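Chemist: Now for the letters of each chain:
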Amino acid sequence: MQQRTPIEEQIDLPFVESLRISFQSLKIRFGRSIITTAGITLGIAFLVSVWTNNEIGVALQESGRQSTINTFEETTEQGISTKDIWLIVMSLIVCVVGIANSMLMAVTERFREIGTMKCLGALDGFVVRLFLLESGFQGFSGALIGALIGTLGAVLLGLKDYGLDLFFYFPLLPAQPENGPMQLGVIIVILLGCILGMILAVIGSSFPAWRAAKLPPAEAMRTEV
Amino acid sequence: MADIVVKTEDVVKEYRMGSNILRALDGINIEIERGEYISLMGPSGSGKSTLFNMIGALDRPTEGQVYIDGQNMSQLSQRQIAAFRCHRVGYIFQSYNLLHVRSAHGNVTLPMIFAGISERERNERAEKLLDMVGLGDRMYHLPDELSGGQRQRVAIARALANDPSIILADEPTANLDTITGREIIDLIKRLNNEQGVTVISATHDLKMLDVSDRIVDIRDGLVERIRNRDEIDIEVGEVGGEGE
Ligand SMILES: Nc1ncnc2c1ncn2[C@@H]1O[C@H](COP(=O)(O)OP(=O)(O)O)[C@@H](O)[C@H]1O
Ligand SMILES: [Mg+2]
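If you read the sequences in order, they're chains A and Y.
Every number in my numbering is 15 more than the matching position in the first sequence, counting from 1.
Every number in my numbering is 6 more than the matching position in the second sequence, counting from 1.
The hints are simulated quantities; they were obtained by calculation from the structure and are not laboratory data.
Please read these numbers as outputs of a predicted model, since none were measured by experiment.
Among the hints, erroneous ones may be present.
[Unchecked claim] So, partial list: chain A residues that the calculated Cβ filter (under 7 angstroms) puts toward chain Y:
(1) Glu24
(2) Ile26
(3) Asp27
(4) Arg44
(5) Ser48
(6) Ala115
(7) Leu119
(8) Thr123
(9) Glu124
(10) Glu128
(11) Cys134
(12) Gly151
(13) Pro232
(14) Ala233
[Stated by the list, open to error] Residues of chain A clear of chain Y, computed beta-carbon distances all greater than 12 angstroms:
(15) Ile22
(16) Gln25
(17) Ala53
(18) Gly140
(19) Leu147
(20) Leu179
(21) Leu199
All C-beta atoms in this analysis are idealised placements derived from N, C-alpha and C, irrespective of residue type, glycine included.
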């Protein structure tokens with residue numbers, strides 16, 4: 016038994032241990048993890064579908080094709096309508112709010128766990144790292160699935176509007192038409208969607224986790240959800 | 007020369023709720039010797055848990071000082087406080103506070119992971135501790151698959167993981183039936199006797215009386231009186247005579 020030895024400094028946990036603990040945590044609350052991840056998937060799917068849909072619209076219009084149902088009356092000289100910008104901005108907001116909300120809920124219901132871990136000797140930094148790892152993984156996988164679903168949705172919509180022409184002029188890669196706006200291409204849109212989803216998930220989770228980790232354990236453990 | 011393990015000096019804790027200030031502890035002075043079994047007694051809301059949190063470094067006092075092993079807790083760094091919680095104290099709560107994503111075994115190994123103990127050593131020790139609390143055959147069950155008494159046994163095994171010098175227990179029997187509560191008290195008392203660990207337990211369970219070396223009566227955030235072993239024996243007789 017320790018006698019009056021001075022109190023030592025708590026050590027940092029090796030990265031592999033943190034990784035292990037976070038994966039185990041994801042695995043055991045698999046059902047709950049799926050719901051949180053689905054929140055991310057949904058947000059990104061919505062954003063990517065709107066965005067890709069817009070890319071397709073612009074690409075096919077550049078190519079001189081007209082939609083079978085003419086939706087481009089309000090199209091500006093640049094080929095992108097204010098309605099489209101509005102739609103993209105709105106979907107971005109929905110995506111940010113949706114993901115932030117699912118992450119916040121997922122952290123809040125674990126305040127007690129955070130307090131308990133601190134009783135057992137966890138450093139604040141460990142708690143934050145745990146949530147960073149969990150949310151990074153959830154963010155990436157959720158966003159990737161969301162981006163693929165979103166793209167599929169946009170392609171189906173495009174098929175309905177433009178028929179098989181869609182595939183001849185499919186804006187897969189970035190392009191800079193002579194008298195049009197820069198086109199990112201679907202691959203970049205998917206990539207951006209994944210990065211955005213991951214960043215949002217990580218911020219949305221680590222920020223409340225950091226705040227909870229700063230609380231004295233007694234406070235954190237009092238929180239009943 | 008008594009070996010004082012816990013000492014509080016005029017500890018005050020105020021909670022601010024809007025414009026109201028609630029004084030949960032109103033100047034607590036106690037000294038606890040190494041190896042003692044102390045019960046903090048008092049009605050609900052008297053400040054037992056608040057004092058528990060102050061002694062266990064789970065919250066900071068508004069005023070006053072807490073010394074553990076002669077160390078002034080307010081002078082410790084974040085890392086030292088984490089190490090203190092990890093090595094020096096084992097916490098036992100009324101509602102067990104097990105991590106429900108980790109098995110009994112996983113709960114017991116976690117403090118050892120934080121302490122940097124090797125995997126082999128912590129597995130061995132977790133098995134030994136779970137055996138000792140009578141859960142040798144339930145090691146890999148999740149807390150949700152265990153009864154209240156079994157969960158509290160896991161919590162006790164976890165509290166002992168890093169061989170602490172103090173066990174802090176906040177109403178450890180309050181959620182348990184009489185018989186299970188008795189078993190938990192006996193288990194904690196055994197640790198106190200056999201391993202010399204200092205036990206500080208908040209309670210209003212009268213069964214705790216006869217295992218205590220001293221009883222600190224708390225009322226409205228103040229120490230009302232401190233009773234010794236010999237005074238307690240008489241009262242336990244009375245309680246026993248009246249029946250529960
Ligand atoms: N975090 C808190 N915020 C506000 N009031 C609190 C808090 N914790 C405890 N109290 C109040 O402090 C007093 C003492 O509470 P507590 O220490 O939990 O008593 P006990 O454990 O003896 O039942 C009570 O009036 C309680 O409502
Ligand atoms: Mg209490």
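Chemist: Of all the hints given earlier, name the ones this structure violates by number, lowest first.
Modeler: 3, 5, 6, 7, 8, 9, 12, 15, 16, 18
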